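J.: If you read the sequences in order, they're chains A and B. Under our numbering, residues 1 to 115 are what the first sequence spells out, in order. Under our numbering, residues 1 to 116 are what the second sequence spells out, in order.
Note that these hints are calculated values from the structure, not bench results. Take every hint as true, because none was put in to throw you off.
Residues of chain B clear of chain A, computed beta-carbon distances all greater than 10 Å:
id, residue
1, SER7
2, GLN8
3, SER12
4, VAL13
5, GLU15
6, ALA16
7, VAL19
8, GLN57
9, GLU61
10, LYS70
11, ALA72
12, HIS115
Covered stretches of chain B, as calculated for chain A (at least 3 residues, CB under 8 Å):
id, segment
13, 41-50
14, 105-112
None of these values were measured; they are calculated from a predicted model. Note that the Cβ used here is the ideal one computed from N, Cα and C, for glycine as well.
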Amino acid sequence: ETGVTQTPRHLVMGMTNKKSLKCEQHLGHNAMYWYKQSAKKPLELMFVYSLEERVENNSVPSRFSPECPNSSHLFLHLHTLQPEDSALYLCASSLGAGQANYGYTFGSGTRLTVV
Amino acid sequence: AQTVTQSQPEMSVQEAETVTLSCTYDTSESDYYLFWYKQPPSRQMILVIRQEAYKQQNATENRFSVNFQKAAKSFSLKISDSQLGDAAMYFCALEAGGTSYGKLTFGQGTILTVHP
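Next up, chain A with everything else stripped away, as it sits in the complex (with noise of 0.2 Å):
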């Protein structure tokens, strides 16, 4: 399989779930990044991974937990999550953290409901 696939595609969880957003790429990219897309909002960048260090961690709350166990593979823990969290969360690859003049490579997203 080629392309950025995350799962699952939709996912609807209370305040006091804990679930967790995937990310998988064969792209042989070295970094990846989780965004939130959020309605009539620029796309928020919520973390930056390369070579499966965290780059970067743009002021996002504690009830957001990234984990990159190798290139491949992005993971985004969610847990006591508010309503305000409800989002689209797209998941994107590049060549490398300083390589992304060449474009994200994106998933298909994650639509999560926080109710």
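With chain A's structure known, arrange chain B on it following the hints.
T.: Here is chain B on its own, set in the frame of chain A:
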């Protein structure tokens, strides 16, 4: 800090006609890259076109072309011979150096509707 502004929340075009989507940006870096991404209802962001700031020639990809005005910090996307499949949300994005090295900054997006 980098900023990207898309002032048109929505645009519409008749099939086979031409439409231009606007984007302005701001950066203090001299070396940067600009992109247009398309997000159809399937939600996956697809790279449409890429422009290197140091190249004066405007990038083109088939029916898609840009008007890059570096001094004005403007980067508009022209879609010629619009097709129904062009209907999507379009995002302008900037990758610059400095503290934003390796990160894309996106605009708010423009929803494009194509009428048959």
